[in-house]
Structures are given as C-alpha cells and as structure tokens.
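Trainee: Going line by line, the protein sequences match chains C and P.
The first sequence begins at 1 in full-length UniProt numbering and counts up one residue at a time.
The second sequence begins at 1 in full-length UniProt numbering and counts up one residue at a time.
Watch out, some of these pointers could steer you wrong.
[What the hints assert, rightly or not] Taking lysine-lysine pairs in the DSS-like style, the calculated list, with each CA pair at most 30 Å apart, reads:
| id | chain 1 | residue 1 | chain 2 | residue 2 |
| --- | --- | --- | --- | --- |
| 1 | P | 201 | C | 315 |
| 2 | C | 240 | P | 201 |
| 3 | C | 240 | P | 224 |
Quick caveat, the hints were computed from the structure, so don't treat them as lab data.
Nothing here was measured: the structure is a model prediction, and the numbers come from that model.
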Amino acid sequence: MKLSTKLTLFITGSKLAIVLLFVLALPFLIKQIASQYTNYTLNQQRQKVLDIVSRNGLDYYFQGDDSYGSYTMLKEEFIALLPVEPSLKMDTIKDSQRLIESDTLNYRVLSYTFNNDNKNYLLEIGKTTDSINQYNKPLQQFALFVLITLIVLTILIDLTFVRILVRPLAKIIGTKLTNRRFPFKDKQEQIQTSTTDFKYLDESLILLMNQINEAFYKEREFTSNASHELMTPISILQNKLENLLSDENLDGPTSLALIEMMKTVTRLKNITKSLLLISRIENEQYIRDDEVKPLLLFNEIIEEIDHRLEEKHIKIFLNISPDSSLKGMNKDLLFQLFFNLVHNAIKFNRDKGEIFINDKYLNNGAYEITITDTGIGIPKDDLASIFDRFKKTNLQEDVGYGLGLAIVKSISMYHQLQINVQSEIGKGTTFTITFPNN
Amino acid sequence: MKVLIIEDEKTLAYEMEAFLKKSFYLCDLAHNFRTGLEQLELNKYDFILIDLNLPDGDGLDILKSAKKSNPDAAYIIITARTNLKDRVNGLDLGADDYLAKPFYLLELQSRMQAITRRKFSITEELLPIGEFNVDLQKRLVIFKEQQIELSRKEFDLFSYLLLHKNRVLTRVQLSEHIWGTFVNDDYDSNYIDAHIKNIRKKLNTWADTEWLETVRGVGYRIKK
Chain C
1 MKLSTKLTLF ITGSKLAIVL LFVLALPFLI KQIASQYTNY TLNQQRQKVL DIVSRNGLDY
61 YFQGDDSYGS YTMLKEEFIA LLPVEPSLKM DTIKDSQRLI ESDTLNYRVL SYTFNNDNKN
121 YLLEIGKTTD SINQYNKPLQ QFALFVLITL IVLTILIDLT FVRILVRPLA KIIGTKLTNR
181 RFPFKDKQEQ IQTSTTDFKY LDESLILLMN QINEAFYKER EFTSNASHEL MTPISILQNK
241 LENLLSDENL DGPTSLALIE MMKTVTRLKN ITKSLLLISR IENEQYIRDD EVKPLLLFNE
301 IIEEIDHRLE EKHIKIFLNI SPDSSLKGMN KDLLFQLFFN LVHNAIKFNR DKGEIFINDK
361 YLNNGAYEIT ITDTGIGIPK DDLASIFDRF KKTNLQEDVG YGLGLAIVKS ISMYHQLQIN
421 VQSEIGKGTT FTITFPNN
Chain P
1 MKVLIIEDEK TLAYEMEAFL KKSFYLCDLA HNFRTGLEQL ELNKYDFILI DLNLPDGDGL
61 DILKSAKKSN PDAAYIIITA RTNLKDRVNG LDLGADDYLA KPFYLLELQS RMQAITRRKF
121 SITEELLPIG EFNVDLQKRL VIFKEQQIEL SRKEFDLFSY LLLHKNRVLT RVQLSEHIWG
181 TFVNDDYDSN YIDAHIKNIR KKLNTWADTE WLETVRGVGY RIKK
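Looking at chain C on its own, in the form it has when it is part of the complex (with noise of 0.2 Å):
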C-alpha cells in the first residue's frame, strides 16, 4: 500500500474513531451538563429568596400567613416557605415527588433550612426533571453537527497537507525507480523538496546510481580493452603454432600436441571474441534498422546448423508466419540471438529428440517467439543465472563456455526484448522472445 494511501486511512479512520466515541457519549455528557446548571440555578434562586427575607423579612413572601407556596402556570417551577420542627437540618438537592393540586410530578428539589427570628423554616424550590432535559435533544443535534463539519474540514486540511507533503516521494519513485532500464543514461535530476529526508533519500539514490553507472562504464570498458588486447597475443600464438603445424618434418606426438594446443588458443580466441561482442553489444556499435523476416533468419540458421541436427538425430519443426517481420533490428545480432538458442536446442538434447520453434501475436500487439527443445532441461535453482556470464550450468555435459546465454541476453537487451525461460528436469527447456508493439 502506498504511504499515501496508508495515511488517508489512518487519518480518516481516527477522526471516525473519535466521532463515534463522542457520538456515544453525548447524551451522557449533555444530561449532566443540563443537571449541574440545574444545580447551579436552584442554588442562585435559593440566594435570592435568602437575600430578599434578610432584607424584607419573612413577612415578604407570608403576608400574614404562616407559610408560603408558588408554582408556575404549567407547573414547572415552584418554591415554597413554610415552618419545619427545630431539629430538622436539610441542605439537599434531589430528586423527588411532589403532589400539586392532584398532579403527581417528578422534580428536582432544593430543600434548605435556615433560621428566622428563631424559628426554624424549609424553603424547596423544585424544577421538573422533564424541563430539565427538554434541550437535550436539540443540544445533541447542533453539537453533532458542528462536530461533523469540523472533522470533515480538518481530514480534507490533512489530506491536502499529507498529499503535498508527500508528492517528493512520489516524484523520486517515479522518476528513479520504477521503469529504470539498466544502464540509466539520463542525467539525475534532484527532486525540489523541504523534508530533508526525502533530500537525504533522493541524493542517496542519485549517489548510487552514479555508482552503479560508473562500475558499469569501467566494467565495460575494461572488458573491451582486455579483450582487444589479448587479441594479438592470441594472433601471434595462433600463427606461431600455424607455422610449426605447416613443417613436414614433424613426428606424429609432436602434430597431435600442437593440434591440441591449437584447440585451447582458438578456445582462448572464441571467449575473447564473445565478450568483445557483449562489450560492444553494450557499447551500441551495432546499427539497429534491418528489417527481419524470422521465418527466413530461421531457415538460414537450420541450414548453418544442419550438420548437428543430423549428428543427434533432432527432429527440427519450424512454425513459423511467413508474413511476419520485425523492423528496427540488426540481422547479424538478432541471427546470433537465435541461433545460440537452437544451438543450445540440440547440444542439451537427446539422442533423436526434438526441437519446435512457434511465433504467436499476443493480444497487445506483442510478437513472441518460442523454442522448445526436449533435452535434459535446466534445475530450477540454476535458471536464475543461466544468463551469467561464464555460468556453467548442465555441468555433467561439461561443454560450452558459459557465454552462449550471455550473448543472448545482451543482445535482447540491445533491442528491448523480454527473454523468459521455463525448463523441466529431464523434458526440455523453452526460450521465450518478446517483441514488445512491433
């Protein structure tokens, strides 16, 4: 999951979990809200009838009578005044019943004693504990409401702030490292970022693609100079050994070790000649505007190579569309491509095996070329490196020099193609080529 991505969840996902959480416990928080006001108002009033008796005397509210009782019209409030037993002491709020005129209600009751010329009197003053709550819905609704809108605005603020945040990142896997074909040619631009770990994450990128570029080069270019100059060493041994070949003096031990010094020295010349063609492979010398028509290349290379059909008896089944073509290649390098490929078709085969070279257009435009061979097959941890150079797999057949493959896969390289290889220990191996929109 992109870190992007990962954020948004994880922001949305919080701002929900607190949402919840205060959707759950609103109408606890706003009951005892209304209740303490509640309180606080009984209280108020309660110092206000205190304060009107201590100014005006209990007469006030008596007018003659010995006691004191008022509610409102639909009997919501009341506060009464009346005289209690000296022993009673009460400073209490809570909840309790009261009958007025036959209507039994449920109020909250302040009740209070106090003292007046040495008397003892109560003074309640109760409130309906339905008019306590009465705003409690409305109260919920607005809350959650501006809540909402608040959690929305700030998720919609973090997201435009993660996205800024984090497009520098989106920008050096873009232009870094997704789609980077080996060797990366282009200059490196540094991304334009203030987060000094994107800066650190992107000039270290940079730094190692450098590195990368630069072992590559010198790779290169020692590969070519080594190989260039171990070939006229190799010019002289092979002609020094040619002379002494031609003597007609010679004994026969002495013909045959100098054949066989021969073979190692043209051993020696054919791995200096292949990886000079993989140095120059690499080096783009090779002009890349041939047209090809596969079914001709093929009839060519089954003719160059027919000698070793016939030698192990292979079976060779070429089905391949005449019209097919593929444009922007070289020849030769395409014929060495597919020609190492049946090479290898019939040295890792069986004795009177069989070879199927097929061509198919996938759905994409893509051209593909297969070849099948039905030989020993390649072990499944070896398949990884056949395309190494100087990687010996099949060891127990003990021929070729390791460079076949190699040759193979630089050359697809060269024109973009994509090789795949599936094998089967003791059923044969099957190349794939790829022409990607030909």
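Add chain P to chain C, keeping to what the hints say.
Mentor: For chain P alone, kept in the frame of chain C given last:
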C-alpha cells in the same frame, strides 16, 4: 609475388612472412607508419597487408597514399578493430579484403589467392583432382560429363582443401573457414569429419578418392 607487410607487432609480422615464404611469396616488412610509406615509395608490390593500428599513424592513411604509388597492388587490411565503420571505410578506400585479428595464416593466403584469381580473371578455371574437375566459379564437381552435387558447406570444405593441396589442414582451420568470424564455441564436434565422410561417399560413387587423406589426429589433406 611481392608482399609488403605493414604490422607493428614484430612477432606477428615474422610469422606472416614465414608462412607466406613457404608459398614462394617475397616479403618486405615495415613495423611503423613511416617505414611503411618509405617502402611504398621505393618498391612496387603485388600485395600490401596493412595493420590499421600503427604507433605513429593510421593504416587507412597509408592505404590512401599507397593507392597512388602502387595502384595495381592488392590491399588487405588487417586489424583488431572490427567495427563496421572501419570495415566500410577500408573497403571504400579501395582495400580488396579485410581480415580481423586473430586470423589463420591459411585464411590470409587463401584470400590472397582469391584476389589473384580475380585480378587475373581466371574465370574458366577448372581444377583437376584425380578423375574429377572442380569449377570454382560455378561451384561444381564434375566427373566426365556428370555433375556431382555437393552441399554448400561440403563444397566450401572441398575447394578449400583443394586450393591448399599437399598441405594438412586442421579441423579448427577448416571449421573457421566455413564458419567465418561467426562466434561459435564448440570445435570438438566431429562435424568436419561428417562432411568429409559425405564428400567421400558422393565422390566414391564415380571414382576413387584416395587422394583425400585423413591425417590421424590432425586433419585432412588433398595430395597430388
């Protein structure tokens, strides 16, 4: 035939000289650009072999000026540089052939022979061998009036042996001639033997081929 070998690698030049001498070519050596030019001023040559990489100049420049002083000579460029541009340049400047190092001296000699045949327009050449005649131009082996069909590779092999008759050719030399500069990693195979076997079989139907000898462990020879 007079040959000038312009090659800065002395050992290599000596080996070329030694080989060509056996076929009665007269060789002069020049180990750098300057002496190469001097020799060209002083002498007339039939063949001029030029290494492109000289310590004091480019072989292609020698080719340019030599074309004036020795217009009738045949030029073969020898080089370790094997890129296409050099090859095209060399041939454009009038070189007759181009050999990439390392090459077999035998291959050099047969290229020289081919150039000679071309220069002197030996077109109706029929090489006799045993009771057969070989037409190199039409690539035919003829017994009396009968044409014998050899495959392309078989004919290449057969004519190469014939052009170098009385010389033992090794399997590596033969296969390199047939395969050219093509990169191929497998020389131990007995496919040269298979080709020879086929050639013998085809020719033996008509007449004896004991002149085509197997030299045990070494290679083949046409003896005459």
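Trainee: Each of the hints needs a verdict: does it hold here or not?
Mentor: Going down the list of hints, with the structure as the test:
1. P:201 / C:315: 23 Å, holds
2. C:240 / P:201: Status violated; Cα separation ~35 Å.
3. C:240 / P:224: This hinted pair holds, its Cα atoms lying about 26 Å apart.
Checked against the numbered hints above, the structure violates only hint 2.
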